[in-house]
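With the hints as extra help, turn the sequences into a complete structure.
Protein chains in written order, with the numbering used here: chain A, 597 to 894; chain B, 597 to 894.
You may find that some hints are simply not true.
The list treats identical chains as one, so a pair stands whether inside a single copy or across any two.
[Unchecked claim] Simulated pairs of lysine-lysine, DSSO-like, Cα-Cα distance not exceeding 27 Å:
hint	residue 1	residue 2
1	708	748
2	871	707
3	689	821
4	842	885
5	871	779
6	684	779
No wet-lab data here; the hints were simulated from the structure.
If you're wondering where the values come from, they're calculated on a predicted model, not measured in any experiment.
2 protein chains.
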Amino acid sequence: MLTIFGSIALDTIRTPASILYEVLGGAATFSSISASFFSETGIIAVVGRDFPDSYHNTLKKYINTNGLIKKKGKTFRYDGEYDITLSKRKTLKTELNVLRDFNPKIPDEYKKSEFIYLANNDPDQNIQVLRNFDNIKLSMCDTIEYWISTKKLSVIKMMKNSNIVAINDEEARLLTKEYNLVKCAKKIIEFGTDYVIIKKGEHGAILFHEDIIYPLAAFPIENIKDPTGAGDCLGGGMMGYLSNTKNINMKTIKKGLLCGSILGSFVVEDYGISKLLSLQKNQIIDRVKKYENMTQEL
Amino acid sequence: MLTIFGSIALDTIRTPASILYEVLGGAATFSSISASFFSETGIIAVVGRDFPDSYHNTLKKYINTNGLIKKKGKTFRYDGEYDITLSKRKTLKTELNVLRDFNPKIPDEYKKSEFIYLANNDPDQNIQVLRNFDNIKLSMCDTIEYWISTKKLSVIKMMKNSNIVAINDEEARLLTKEYNLVKCAKKIIEFGTDYVIIKKGEHGAILFHEDIIYPLAAFPIENIKDPTGAGDCLGGGMMGYLSNTKNINMKTIKKGLLCGSILGSFVVEDYGISKLLSLQKNQIIDRVKKYENMTQEL
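Next comes the structure, spelled out in structure tokens:
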């Protein structure tokens with residue numbers, strides 16, 4: 597089983613073509629639904645009393661929500677606007693609300709999880725959550741600019757305690773004060789993690805492990821509607837794939853990254869989580885195969 | 597034999613770490629030396645009376661310079677400054693000089709060339725040059741912002757007359773007025789060319805042909821000194837590889853793109869053409885193999 601600890605949000609997404617108000621989003625949402633295509637997945641997260649039942653039911657269709665707490669107060673809200681290229685996003689508003697003093701509780705049934713994905717919550721909370729699991733085979737963490745700027749030492753400690761660090765290129769640069777991504781990754785590996793994945797959006801990702809580098813070009817998408825959540829789908833899809841895999845080695849890690857990247861390629865084709873909700877497992881498998889064929893050189 | 601028509605420049609390159617004054621550069625220089633590792637290569641180009649003999653001798657070590665004309669006047673000069681990331685360049689000065697009214701003459705010995713690479717000269721000149729070759733098996737053209745802005749119709753006509761269009765992402769966007777690179781490529785293919793290569797600098801390249809897409813991640817380089825000429829090395833290295841290949845098909849086209857991309861990964865490791873001058877063929881072959889191994893999934 598895979599346990600994901602992360603945010604559930606009501607997202608307002610503004611693109612040049614369309615505006616969506618308070619749709620179901622957040623790192624835990626995107627990553628757990630992505631993971632659920634491969635593996636049993638449970639989330640630890642908090643929402644407010646205003647969280648629509650329909651959203652709760654959507655989540656329940658895909659994942660175990662026994663770790664989802666409904667608290668007095670309002671659900672975490674995010675409001676962001678993309679420019680015409682859909683590659684730059686400006687944050688208009690972030691309301692932490694119930695996320696602010698969330699004290700996560702881990703359901704007993706989750707504690708047997710061997711796979712843990714710490715999406716982008718407070719790094720100190722992430723370290724605490726990790727301590728509740730005794731059988732960890734593989735853990736992954738992600739982070740965001742906010743935590744790097746306000747709790748850098750905790751971010752580094754969290755990374756030291758995780759097997760895999762997945763991080764955006766810009767955040768890796770902010771964290772390491774290096775521009776070159778190979779240098780960024782080397783510094784992050786020195787923090788004490790085993791694998792580093794630098795996510796580059798439409799340009800794919802690069803995986804680093806010891807002296808191995810695995811550059812992965814993105815699956816090219818012609819009609820991108822909304823890039824929100826693509827990085828979370830990558831992390832969730834990858835951890836979902838690995839949770840359902842007997843051996844964790846370079847071969848399965850690479851394949852997992854590819855599967856996660858393909859989940860990301862789907863989600864951008866529609867707004868919010870819409871594409872994930874119409875997605876079938878065989879479509880994922882087909883696109884993974886298509887990618888393998890298209891990048892095959894010989 | 598491969599014939600390359602392009603510019604030879606005296607480049608002033610300003611990076612945060614170093615400034616180089618009037619070093620040997622230009623699209624024809626980078627691309628023809630790259631091509632020479634794989635194939636007999638001749639250039640058609642013009643320089644001024646001020647062009648140093650030592651630079652001429654450097655070129656002669658690698659390529660056939662019988663199509664290199666020395667004219668009254670000054671050599672084409674370019675002066676550009678990179679920012680701290682080495683990914684953005686500001687043009688400080690461009691002096692066309694002898695390039696302005698160059699009337700290219702093609703040596704008879706070049707006319708048997710089956711492979712032609714039109715680097716980024718005036719598209720009308722490129723079309724003219726192309727007419728001198730009767731046995732063309734494969735032609736490639738590139739272009740720059742200046743020609744797209746001033747001679748767009750000629751650029752499109754040149755592309756229609758070439759088998760392969762290699763173009764930077766930003767220039768593809770400028771030319772097609774699309775942002776998405778798949779859409780850009782489709783529009784360029786509609787101009788009448790067979791293959792489109794969108795070059796993305798440190799993010800690699802994407803090749804398009806009919807309904808085939810081949811995304812190629814870049815070979816990751818930790819110590820980049822100077823990105824100047826990387827795109828020209830890609831085009832030249834690719835055409836050099838293909839000139840030395842019996843069959844032109846998707847397999848060899850892909851391999852050629854990879855070889856060109858690897859040439860680009862070398863050139864950025866030192867200033868100007870320095871890295872190319874110390875490079876041995878076996879280092880190229882080794883890095884191509886290394887890339888194939890590192891990106892192999894299974």
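Structure-based check of all given hints:
1. 708 x 748: The answer is neither: 30 Å in one copy and 63 Å across copies each exceed 27 Å.
2. 871 x 707: Neither: 31 Å inside a chain and 55 Å across chains, both beyond 27 Å.
3. 689 x 821: within (21 Å within a copy, 40 Å between copies)
4. 842 x 885: within (21 Å within a copy, 30 Å between copies)
5. 871 x 779: For residue 871 and residue 779, only the inter-copy Cα distance (21 Å) is at most 27 Å; the intra-copy one is 35 Å.
6. 684 x 779: both (24 Å within a copy, 19 Å between copies)
Consistency with the previously given hints fails for numbers 1 and 2, ordered from lowest to highest.
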